[in-house]
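Quick mapping for you: the protein sequence lines, in order, are chains E and B.
Going by the working numbering, the first residue of the first sequence is number 1, and it counts up by one from there.
Going by the working numbering, the first residue of the second sequence is number 1001, and it counts up by one from there.
No lab work stands behind these hints: they were computed from the structure.
As the structure is a computational prediction, the values presented were derived from the model and not from experiment.
Ideal Cβ positions, reconstructed from N, Cα and C, are used throughout, including at glycine.
Check each hint, because a few of them may be wrong.
[Claimed, not checked] If the Cβ cut is set under 10 Å, some of the chain E residues that face chain B in the computed set are:
1. 306
2. 308
3. 312
4. 317
5. 335
6. 345
7. 346
8. 347
9. 349
10. 350
11. 385
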Amino acid sequence: MQDKVIYFDHAATTYVKTEVFEAMKPYFTQEYGNASSIYSIGRSNRKAIEDARSTVAKCLGAAEPSEIYFTGSGTEANNWALKGAAFAGRKKGKHIITSAIEHPAISETCEFLKREGFDVTYIPVDEEGLVNPADVEKAIRPDTIIVSIMMANNEIGTIQPIKEIAEICKKHKVLMHSDAVQAAGNIRINVQELGVDLLSISGHKFYGPKGTGVLYIRKGVRLENLIHGGHQERNKRAGTENVPGIVGLAKALELATINLDAHYEKLYNLRERALKGIMERIPHVRLNGHREKRLPGNLNVSFKFVEGESILLMLDMKGIKASSGSACTSGSLDPSHVLLAIGLPHEIAHGSLRLTFGEQNTEEEVDYLVDCLAEIVEKLRKMSPLYEDFIKGE
Amino acid sequence: MYSEKVMDHFTNPRNMGEIEDADGVGQVGNAKCGDIMKMYLKIEDGVIVDAKFKTFGCGAAIATSSMATELIKGKTIKEAEQITNKAVMEALDGLPPAKVHCSVLAEEAIAAALQDYRERNGLVEDMRYEGCGGCCKGCGAHGHDDFDEFEEDWD
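When you get a sec, could you build the whole thing from the sequences and use the hints?
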């Protein structure tokens, strides 16, 4: 089995589905015209973009296709939502509210805005990674411009009460943005039901192409532009459209939406099988994140007395690709800010492992994973002076 | 990201384990930072006849511990004291920049175990060993926190 790649890192990125790639292909070599041009290959591109916009609008439950804006990534969509709202809202105030467990595309953008003179409040989360809507309401000030809370966390998979938070924002006339990059394709998203003003998604998280994203901007919401230049995307996002990318993202989102229930069930079952196997076979394990309110394919566990990077390296040698919240994989000395925010001590956060399942994974792969993990954790614990101390009862 | 030698010492660590009747034991690092190295030495007539280690840490931490024990085995105390983190790194064909602190930890683990040996044998005249105490200065966390402070939610 070593020769085979077993991919359990779908929250990092996914492959492009064959149907998606087929839909994109013509726009590389045949339909290459600039969508802004008047001649026919330009016009057919324009139609492809507008069809994609309609598809995305339908999948996200937007009122109109014109509320959908294509970007170059989920990160760009997040940057645009925050900077666009902050700079457009400067007359109203300078306060931004977000959570302590956002992706760097949000938190680093907030840090940038802080340097530009804005105030940022980071709402803490509970030990399962949930934001309490009441905390958001308490944090709202007369000068609050926008609240940005992710729909689902990239590391621990916890799904936030976005609808309740959006209601609070509406009541206080504050914009509500949600980074739904991890949620899209995994749980149902309906922007009107949720009541959000802005929402970001990224194509490569749901079997679409990399370098593609969408920002949903509810009609009537005014954002400052992030990218200046030509008149593309109705003068709001300059740059010649990435037509194959846009077509691919829309196709991938359409497929994900059609197959959502089956996809959810499949990933949920794989996740539960893995969790059960790990808990039965390996002692001193902790599940990180919410037991129920979490993405179907997300499993995040901490193994006491061992360090995450060592687990990853040994899994890799067995063909299994996963991810960790250990400092050693982040290039810094601090472990994941998300794991620290849910109250894990540094040493437990260092021993974390994130497994994110996908459509092509099988039960056999999960069983193989559990076998490998049991062996690896035992091997590393034998090497660990912390485990030695524990066994000796010190 | 790692050299073949690092991967070799990580997957097949040399001298992993404990020495029951060790003449010197040194532990450095901090669980908070994600690295702890414990080194056991057996010393006869001023020569390190055996060395073993236990390490909690990343691939580089395990590989540097393994290499450090290899480098000091058969050496006199004086020779072992001359082994720097650089020597450990070179023997492993280099480490990524973010992992250099692991080799520093290995050097400190050797020093701590030798200091313990001296203390046990009344050979200490100078000040006590003042190693890192925390880990590698990089994380700002110093002092050894109790690893067992967090006991909830364990299976």
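- Item | Agreement of hint residue 345 of chain E with chain B interface, Cβ distance less than 10 Å | For residue 345 of chain E, the interface hint holds, since the closest Cβ of chain B sits about 5 Å away, which is under 10 Å.
- Quick one, is the residue 349 of chain E hint okay against chain B at 10 Å, beta carbons? It holds, given that the least Cβ distance between residue 349 of chain E and chain B is near 9 Å, below 10 Å.
- Task: Mind checking the CB of residue 346 of chain E against every CB in chain B and telling me if the closest is under 10 Å?
- Result: holds, 4 Å
- Go through the hint on residue 347 of chain E and say holds or violated, using the shortest Cβ distance to chain B against 10 Å. holds, 4 Å
- Task: Using 10 Å as the Cβ threshold, decide whether residue 350 of chain E counts as touching chain B.
- Result: With a closest approach of 4 Å, the residue 350 of chain E hint holds.
- Query: Holds or violated: is there a CB of chain B closer than 10 Å to the CB of residue 308 of chain E?
  - Reply: holds, 8 Å
- Query: Can we keep the residue 335 of chain E interface hint, with Cβ of chain B closer than 10 Å?
  - Reply: holds, 7 Å
- Query: Going by Cβ atoms only, is residue 306 of chain E closer than 10 Å to chain B?
  - Reply: holds, 7 Å
- Query: Hint check: is the beta carbon of residue 385 of chain E less than 10 Å from a beta carbon of chain B?
  - Reply: The hint holds - residue 385 of chain E has a Cβ within 10 Å of chain B, the shortest such distance being about 4 Å.
- Does residue 312 of chain E pass the interface check with chain B, least Cβ-Cβ distance below 10 Å? Where the cut-off is 10 Å and the nearest Cβ of chain B is about 9 Å from residue 312 of chain E, the hint holds.
- Message: Checking hints one by one. Is residue 317 of chain E an interface residue toward chain B, by the C-beta closer than 10 Å rule?
- Response: This interface hint holds because 7 Å falls under the 10 Å limit.
Checked against the numbered hints listed earlier, the structure breaks none of them; every hint is satisfied.
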